[in-house]
Amino acid sequence: MLEIKNLEAAIGDKAILRGIDLVVPKGEVHAIMGPNGSGKSTLSYVLSGRPGYDVTGGTATFDGHDLLSMEPEERAALGVFLAFQYPVELPGVGNANFLRTALNAQKRARGEAEIDAPGFLKLARAEMKRLSMPDDMLKRNVNVGFSGGEKKRNEVLQMAILKPKLAILDETDSGLDIDALKIVADGVNSQRGPDFSAVVITHYQRLLDYIVPDRVHVLSAGRIIRSGGPELALELEANGYAAIVAEAA
Amino acid sequence: MSAALKPTALQSSALAFLSRFEGLRARLPGDVAIRDEAAGILRSTGLPGPREEAWRYTHLRSLAEVEFNEPLTPVADCADLLSRIPDFDAPRLIFVDGRFRDDLSTVPSLAAVRVGGPAFGALAQPASEKLVALNTMLAEDGADISVPAGVDAGTVVLVSLGTDLHGRAVAFHPRHNISLGKGAKLTLVEIAVGDGVYLHNPVLSVAVSPEATMTHLRIQDESRSAFVLSTVYADVGEGGTYDSFLLALGGKLTRAEIHARLGGPNAIAHLNAAQLLADHQHADFTTIVSHDAPNCASRQTVKTVLSGKSRGVFQGKIEVARVAQKTDGYQMNQALLLSPDCEMDSKPQLEIYADDVKCSHGATVGELDAEQLFYLRSRGVPAAEARMMLVRAFLDEALEPITHEATRTAMEHAIALWWERQAA
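For the record, the sequence lines run as chains A and B. Position one of the first sequence corresponds to residue 1 (the working numbering), numbered consecutively onward. Position one of the second sequence corresponds to residue 1 (the working numbering), numbered consecutively onward.
Just chain B, with the same shape it has in the complex (with noise of 0.2 angstroms):
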């Protein structure tokens, strides 16, 4: 029976990445204590499959079919891929298949940071999951970025590329940490980008001091046949913001998944994404919010355009703490299908010990609006055009909220640019 095979497959998958690291082992950076204790989680649990509840919708099936390789030490200028990075006029870190690239880079004069080793931090630990596990055993670099407490650092924009220069396929599990003292500002823009098989498993920790901002934004335009695996541990404290927003359009099979934790009264999060798929991608966003302090609100607008064959996957998990009374949790996925054989999977899940709470969750699956249509056509809008108008504006709500103005102008020009794949 097939369902005996699975976890075989992913657990020789597990075995290949293990005897990597054991090959690995004395000269990866850092503590290796750490390292041993995410091989030994690894070792005896494998990577996560179907049966459990939190991977239902996203089998590592065909993650588990490819060999991956060590990348090699990258000496190319990548400037191909580095012309789809847009021009920001701020400093970037620039990633190449999961190393520093120093030649490549500009580094941030009003934050500190560290490049050159995994920046661990304390948040994402191996114990709590598997792909973190997998992240620590393997990580072999990454930005430790900090701010110090009431300096705004503008922006910083970090850029992950993968490429496709080893001839085979390569596997990369960068470390980033950025902590910000109390009443820090900063925002961090995260592009990437690639061409070929690769699997990208990053791993991002951000610690937000009381009353301060962190402002996350995220394009992820992987190589269509990338395999994508991001984890993000936020934790905010009294007074503070995590404005996170996930554009993600590459990848042949992604996840992105982000725990955030409001651990003092008045915290903030908003956890907006919006997902634009096509073929046979798959792509899930899951978000784990735990409300542990009172008076904090939690905010997730998800919108997911799907066509071709795509599948797409949220689940929002809310969890409200028996201290965390007066929160105020919104969460809703709205999915627009423009194709009949697409799939969207939406899963809501509320835990509510408090009391004195405010949660709401909705879903909602549907086409484009055959009236809406209409209206533009009759108004001389060609079919085309028009649909575009109405997917834009679909994704109005999630966009919204953006106020940086060169993130939002290289957003719609990726939606854009997407648009035309489909319409080609």
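With the rest of the complex left out, here is chain A (with noise of 0.2 angstroms):
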């Protein structure tokens, strides 16, 4: 479960989460929409751990551990994965090998027995037949010469491996067209299940259509300012966001 308690984060002088309180129980996904600057991609680098960003107050715990505390790498290996909203390019590092690394890092930090070349191999390849990806993104390099969609898939990827108990998606929907859009939602829903829970950042409720969000929260100027059932995603789509904000006001 995670359970954010007044969290307040700035970058430098400029307060950009402003007491955000959000509990997200295990096996749920709730989405999170808002305006551009309203907060949304801070939310997701404070919980995954980006330095840059100071948190000045409040907390945020994953199953009781204070996430806040932890290295990047530490919250990885607890399960926490953040699906990039532009993913990075890393030139001269192979997709197998970045992938098979990562998850031997992660198993190697839990205790559990690493996995070998052939079944990683193995592993990998059945989880890009799921998501259409051609078995040779697995030679090319990182993100690479990648196009909008293959990256974004890249990542569903990653998580489909790497099988994070908290995934965090931040506009993992935009440059998608409709055909990738629902190969990406199939893949993160084909992760759902009672020990995995999910924070969709969305500027469209489209993506909502696919993953169907079993709570939705609307953040604006660093503040949650609603929170409803999926049915509240379609009254933004129909009355934009200037109401709701202006109604909390």
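Please note: incorrect hints may appear among the correct ones.
[To be verified] Residues from chain B that face chain A, not an exhaustive set, calculated with beta carbons under 7 angstroms: (1) R84; (2) F88; (3) Q372; (4) F374; (5) S378; (6) P382.
The hints are simulated quantities; they were obtained by calculation from the structure and are not laboratory data. Just so you know, even glycine gets a beta-carbon here, dropped at the ideal spot from N, CA and C.
With the hints in hand, could you dock these two chains into one complex?
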């Protein structure tokens, strides 16, 4: 379970998150929507431990562990996964090597047995097939020369292989056509179960047609101003953010 | 003023080498006339100094402060140093402190090898470089390797071990000569390791006949107290290839200088390198590529990783003669700075006298990318391992063309060990 209490964060002197309260119970998928600049991406970065953000107040725990005091790799080993809005290119690092290194690093941190190269290839190929990714994407350098859609699929592939307990998807739908969107949504839905929870950050309701959330939260100016069921997303789609933001003010 | 003192120190160092020569002159093997010529040059010009454009970034001051002696005749089994030489399934010629060791070596069958004296060759002349003059004056031994026309001689490993068995600093100046007949092939893997303080000043000439291919792979992992000043002269005939890669990790003060001349049409030269430096190491990679015939191609990808207070130098000169139309020249130097106290000096130089050529060069200096580092860590890769992955990735472009599997493995191993030392 993810529990965020009164979380405040800043970049330098600029306050971005101004007291976020959010609870995502085990097994649930929550969507966070909001206008540009509301702090959606900052929330995902603070939870995953990206340097450059100062937590100025509040707490965030996952299954009782204090996330904010952990290194990014420790959070990953605990089961936290961030699907990047802009996946990073790693020239000179092969995708297969990257994925296996990451998987084994996590296994090592958890005291589990590492996976050997043939075992990994079998696992990766099966997941790639489900995501309609060609085998040669394992041989290519991480995200180098990938189209926008391929990069997002590669994020979902990483998620499928690393099997996190908490996935944070930061605008994973941006830049995807409808077919790719369905593939990505299927990839997320296939992870759903009693031990998987997700925070789906999105600008548009469209993704939520395919990944149906248990709860929807609206983020504005660094605070959650409204929460509701999936119908809240439809209301936002119909009326825009302005009405809800005005109502909350 | 100190500027006036430096040449004096260099001059006295040159005089010490000259007096050593006077003492050895009667005993040195081979033609003494060429040695006398070299001595004359050194006597009048001294060692290279900071006022020379080619030596602006690499000062031999610290070398001039050391008194070097003649190595004793080596008899030790050198087991410890030999254990650092990766096991290749190939004949190997082992030189200990510059002298050939028959008892440790295995001689190739497909190439003719002569040892027991300097292999001066015709390419490196004392008058062209002062370090070649120093080598010529004092060279005692070397390998003369020739591959007959049309023969693929496979792989030959040339090993240099620098020992600390003398109780004082020693200097050695091996002189090697490689010649490939028409259409011949050879992969020469040079590996140099050592312990203690010494000067290793090898000169190697490579004559590549038309249609011949010489692959020259070097691992310079010498003593961290050593001075290593190597000079290579390669001359490539029509349709021939000189494909070289240097991995430089060792030494205190090092310079690897390569003169490659493309003398016949459609000749190719690759002068790639990776330098990995730490602490107070200084490593200079200097290349001079001369395009003297049309339709030739040269490629240089030089990657430098610097940590601690190390200093890297790359000087790359491409000369294109008037006749060398349709030249394709490429040169790239990239440096990765892992600490705020290191320094990279990168100097490309293009001299082009032909009007229909394609020559490009570039240099970049940067740090590890914070975004890439976070991306790896967010996937569970610990920070130190993530940094290693990015350093290795940075080197990939330079290492990628190396197809010789055993050398590639040895280089990966050396790079991994280097990283472990940094992380420790």
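Results of checking the hints against the structure:
Evaluation of the R84 (chain B) hint against chain A yields a violated restraint, the C-beta minimum of about 27 angstroms exceeding 7 angstroms. Contact between F88 (chain B) and chain A, as hinted, is not supported at the beta carbon level, the nearest pair being about 25 angstroms apart and thus beyond 7 angstroms. Residue-level restraint check for Q372 (chain B) holds (minimum Cβ-Cβ distance to chain A is 6 angstroms; threshold 7 angstroms). Because the smallest distance between the Cβ of F374 (chain B) and any Cβ of chain A comes to about 5 angstroms, under 7 angstroms, the interface hint for this residue holds.
Interface restraint check: S378 (chain B) against chain A, minimum CB-CB distance 5 angstroms, threshold 7 angstroms, status holds. With a least beta-carbon distance of about 5 angstroms to chain A, the hint placing P382 (chain B) at the interface is held under the 7 angstroms criterion.
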